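Student: Given next are the chains, with one letter for each unit.
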Amino acid sequence: MSVRLLAMLVLVAAVISSAIGVVYARHESRRHFVELNRLTNERDNLNFEFGRLQLEQATWAENNRIEQIARGRLGMVSPSAAEMVVTNR
Amino acid sequence: MAPMTQRAKPANLRFRLYTVLMVLVLASTALVVRAVDLQVVRKDFYQGEGDARYLRDIPIAVSRGTIFDRNGEPLAVSTPVESIWGNPQELLANPEQLPVLAKALGVATADLTERLVQRKDKEFLYLKRPVDPDTAKDLLALKIPGVASERAFRRYYPSGEIIAHALGMTNIDDRGQEGLELAFDDWLAGKPGLKRVIRDRLGHVVENVELLQEAQPGRDLTLSIDRRIQYLAYRELKTAILDHNALSGSMVILDVSNGEVLAMVNQPSFNPNSRIAIDPAYRRNRAVTDVVEPGSTMKPFTIAAALESGRWKADTAIDTTPGTLQLQGGYTISDHRNYGMINVTRVITKSSNVGAAKIASTLSNDHMYDVFHRFGFGEVSGCGFPGESPGFLPISKSWGPVEKATISYGYGLSVTPMQIAQAYAALANGGRLRQPGFVKGAINPDSAVIDPQIAESVRTMLETVITPEGSGLAAAVPNFRVAGKTGTSRRAVAGGYEKRYVSLFAGMVPASNPRLVGVVVINDPGKGNGPYFGGLVSAPVFSKVMANALRLLDVPPDNVQRWYAGAPDVGHPIDPASEAPEYPADEPNYEESVPQ
Chain A
1 MSVRLLAMLV
11 LVAAVISSAI
21 GVVYARHESR
31 RHFVELNRLT
41 NERDNLNFEF
51 GRLQLEQATW
61 AENNRIEQIA
71 RGRLGMVSPS
81 AAEMVVTNR
Chain B
1 MAPMTQRAKP
11 ANLRFRLYTV
21 LMVLVLASTA
31 LVVRAVDLQV
41 VRKDFYQGEG
51 DARYLRDIPI
61 AVSRGTIFDR
71 NGEPLAVSTP
81 VESIWGNPQE
91 LLANPEQLPV
101 LAKALGVATA
111 DLTERLVQRK
121 DKEFLYLKRP
131 VDPDTAKDLL
141 ALKIPGVASE
151 RAFRRYYPSG
161 EIIAHALGMT
171 NIDDRGQEGL
181 ELAFDDWLAG
191 KPGLKRVIRD
201 RLGHVVENVE
211 LLQEAQPGRD
221 LTLSIDRRIQ
231 YLAYRELKTA
241 ILDHNALSGS
251 MVILDVSNGE
261 VLAMVNQPSF
271 NPNSRIAIDP
281 AYRRNRAVTD
291 VVEPGSTMKP
301 FTIAAALESG
311 RWKADTAIDT
321 TPGTLQLQGG
331 YTISDHRNYG
341 MINVTRVITK
351 SSNVGAAKIA
361 STLSNDHMYD
371 VFHRFGFGEV
381 SGCGFPGESP
391 GFLPISKSWG
401 PVEKATISYG
411 YGLSVTPMQI
421 AQAYAALANG
431 GRLRQPGFVK
441 GAINPDSAVI
451 DPQIAESVRT
461 MLETVITPEG
471 SGLAAAVPNF
481 RVAGKTGTSR
491 RAVAGGYEKR
501 YVSLFAGMVP
511 ASNPRLVGVV
521 VINDPGKGNG
531 PYFGGLVSAP
541 VFSKVMANAL
551 RLLDVPPDNV
561 QRWYAGAPDV
571 GHPIDPASEA
581 PEYPADEPNY
591 EESVPQ
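Those sequence lines, one after another, are chains A and B.
My numbering applies: residue 1 is where the first sequence begins, and numbers increase by one.
My numbering applies: residue 1 is where the second sequence begins, and numbers increase by one.
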């Protein structure tokens, strides 16, 4: 009789702990999901920021703009063929 | 008093007991049936309805991959923008907010109301998109009920019109519509994810429940195009088109060693960053979609066929006297002037139509067709550009003597600038044809189309064009040897040819070991008056672009010590500014005969 009672108690304890385990796992999963979302958002935002900066850099480095500044403001010229020296290394 | 417990009619009591019992059993059966009905039979329906009240599956927007040039410079970048949307039912329920919203959106209140009323039985309406993130934040800060924002992506092209045709564009949903954006749409687009969330009545996300499908951001694409060379080509082509008052033009530059497209530009162009309606004529990538008659740029392939037949050598003599050739049916082919006895090389140097036609007359139709076809004419180049034209090469069975003669100098067939570039690249690459490609590192296999010695021999002939005696002196690149061919053709229109021209130049540098092939096509220079010869209009563009492109690519000069021998200007390298020495000034060498 006492053996059956013991078994019963063990099973009840197992059920309760399993239930708590399920609740805990569920909670953990939600917590991790929120964390995942946060990190994904952070990653995306950093990527977007990077994209914007790339875009900005590409706009500043636009060949036409560089050429106008080089020729106009800085007075640079491309060397003519006669001015070029070919070196051998 | 006697106890009242005694009952007179126990049978009646039993009846009442049974009745109560039966009612209870029936009631509980009804409950069980109802419960089974709800929980088992109609569970899906009620569960679905219940979930629909608060669970939502919402897509996770993904950004489209960035397109880079071969040096890692961004050419097309997607950045996030917001799409403002509203719930028409909720907005119409608060009419006092509509003027505020209309002002924030920059539209008239009446228009906004009309749009909302049209969709009044719906719960979703895009109010404005795209909106930059800062403006969207300000708009949401007004806290108008029923207005929310959704993340979307907008494509920006920092190089603008310079590379507009090659890249093409995307639509408002960030899907490729034209050009390489369309060709590589699946690669670039990525897969939007899906997540399930719990939302409250106002549509705010209360809790993320689960991730149904992970978002896959678009992959990046590295093109073979070099932004710097692209810019040079665009600048020079645009300048030439403005100077010559031309209608349109294209330039293609290929890397000989691997068939990669280094630059592909067209005029007129458009700004892909502006969403205003653009004339489709401006959006066409003429370098692959538009066909022209190649004119004399086709002669090297006729000569290649002649050399392959074994009947002709580079120095075989040919009599072009008197500068005209009468074919049966009264069709006359003429040269610009009478070149007399010349050899095969001079046919290329002087661009003699009579010479080319006489050479072609000794070849079989099938052989000539076969050589042209091997060089890729009459078929799409295989570069994978959407909407590419295969051009037109009539089948050899249909060639009569006149057709054959005209095809030998580039009339009666049509080609795209890309096809000319591909064919010249095969000559430059020792007779091995390679399909051009737009992706860096994705090199197409090549196949032998002609004997390497024949290719070498044709290349040597083409070098004589870029001398003071030839028609393409203006294509000379200082310090480099150039091989190339000019071409001038009448624009074909329905019912014949009009007095409008197409100026072409196709060439390769450095001629000793070709690295780059460039093709310049300028359509209708001068619009009927002004210079129109390929050697005057297109060749200078080639010279200017290649001079800088070779410097950018660090190609060592191969013409430092080699002076042009035999001309009066011995001791000077060949230069676009070299004088044409041996002819009177009224007979410049740029001129080539254009059939009437």
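No wet-lab data here; the hints were simulated from the structure.
Don't take every hint at face value.
When the alpha-carbon atoms are kept at most 25 Å apart in a straight line, the in silico SDA-like pairs for lysine to any residue are as follows [unchecked claim]:
{"hint": "1", "chain 1": "B", "residue 1": "K137", "chain 2": "A", "residue 2": "L39"}
{"hint": "2", "chain 1": "B", "residue 1": "K137", "chain 2": "A", "residue 2": "R30"}
{"hint": "3", "chain 1": "B", "residue 1": "K43", "chain 2": "A", "residue 2": "R26"}
{"hint": "4", "chain 1": "B", "residue 1": "K137", "chain 2": "A", "residue 2": "R73"}
{"hint": "5", "chain 1": "B", "residue 1": "K137", "chain 2": "A", "residue 2": "E56"}
{"hint": "6", "chain 1": "B", "residue 1": "K195", "chain 2": "A", "residue 2": "L46"}
{"hint": "7", "chain 1": "B", "residue 1": "K137", "chain 2": "A", "residue 2": "R43"}
{"hint": "8", "chain 1": "B", "residue 1": "K191", "chain 2": "A", "residue 2": "V34"}
{"hint": "9", "chain 1": "B", "residue 1": "K195", "chain 2": "A", "residue 2": "M76"}
{"hint": "10", "chain 1": "B", "residue 1": "K128", "chain 2": "A", "residue 2": "V12"}
{"hint": "11", "chain 1": "B", "residue 1": "K195", "chain 2": "B", "residue 2": "T222"}
{"hint": "12", "chain 1": "B", "residue 1": "K238", "chain 2": "A", "residue 2": "F48"}
{"hint": "13", "chain 1": "B", "residue 1": "K440", "chain 2": "A", "residue 2": "R73"}
So these bits of chain A aren't anywhere near chain B, every CB distance computed over 12 Å [unchecked claim]:
{"hint": "14", "residue": "L6"}
{"hint": "15", "residue": "V15"}
{"hint": "16", "residue": "I20"}
To list a few chain A residues with every Cβ distance to chain B over 10 Å, as calculated [as the list claims (entries may be wrong)]:
{"hint": "17", "residue": "A7"}
{"hint": "18", "residue": "G51"}
{"hint": "19", "residue": "G75"}
In this text, all values refer to a predicted model and were calculated from it rather than measured experimentally.
Glycine is no exception: its CB is placed at the ideal position from the N, C-alpha and C atoms.
Student: All hints are to be evaluated individually against the structure, with a verdict given for each.
Tutor: Against the structure, the hints:
The hinted pair formed by B:K137 and A:L39 meets the criterion: a straight-line CA distance of about 22 Å does not exceed 25 Å. For the given pair, B:K137 sits about 28 Å from A:R30 by alpha-carbon distance, which is inconsistent with the 25 Å threshold. Note on B:K43 and A:R26: the hinted pairing holds, with a Cα-Cα distance of about 24 Å set against a maximum of 25 Å. Using a Cα cut-off of 25 Å, the hinted pair B:K137 and A:R73 is violated, with the two alpha carbons roughly 39 Å apart.
The straight-line distance between the Cα atoms of B:K137 and A:E56 is roughly 21 Å, inside the 25 Å bound, and the hint therefore holds. Distance restraint check for B:K195 and A:L46: the Cα-Cα separation of roughly 21 Å lies within the 25 Å cut-off, and the hinted pair is therefore satisfied. As the CA atoms of B:K137 and A:R43 are separated by approximately 20 Å, the hinted pair is consistent with the 25 Å bound. Our distance criterion of 25 Å between C-alpha atoms is met by B:K191 and A:V34, whose separation comes to about 22 Å.
Only pairs whose Cα atoms come within 25 Å are accepted, and B:K195 paired with A:M76 is rejected, the gap being roughly 56 Å. Note on B:K128 and A:V12: the hinted pairing is violated, with a Cα-Cα distance of about 59 Å set against a maximum of 25 Å. The straight-line distance between the Cα atoms of B:K195 and B:T222 is roughly 31 Å, outside the 25 Å bound, and the hint therefore fails. As the CA atoms of B:K238 and A:F48 are separated by approximately 34 Å, the hinted pair breaks the 25 Å bound.
Distance restraint check for B:K440 and A:R73: the Cα-Cα separation of roughly 35 Å exceeds the 25 Å cut-off, and the hinted pair is therefore not satisfied. In this structure A:L6 is separated from chain B by more than 12 Å, as the shortest Cβ-Cβ distance comes to about 36 Å. The claim that A:V15 is not at the interface with chain B holds, since no C-beta of that chain comes within 12 Å of its own (minimum 23 Å). Annotated as non-interface, A:I20 keeps its C-beta farther than 12 Å from every C-beta of chain B; the closest such distance is 21 Å.
The Cβ of A:A7 sits about 32 Å from the closest Cβ of chain B, beyond the 10 Å cut-off, so the non-interface label holds. The claim that A:G51 is not at the interface with chain B is violated, since a C-beta of that chain comes within 10 Å of its own (minimum 5 Å). A:G75, annotated as away from the interface, keeps every beta carbon of chain B farther than 10 Å; the closest lies near 19 Å.
Hints 2, 4, 9, 10, 11, 12, 13, 18 from the earlier list are contradicted by this structure; the remaining hints agree with it.
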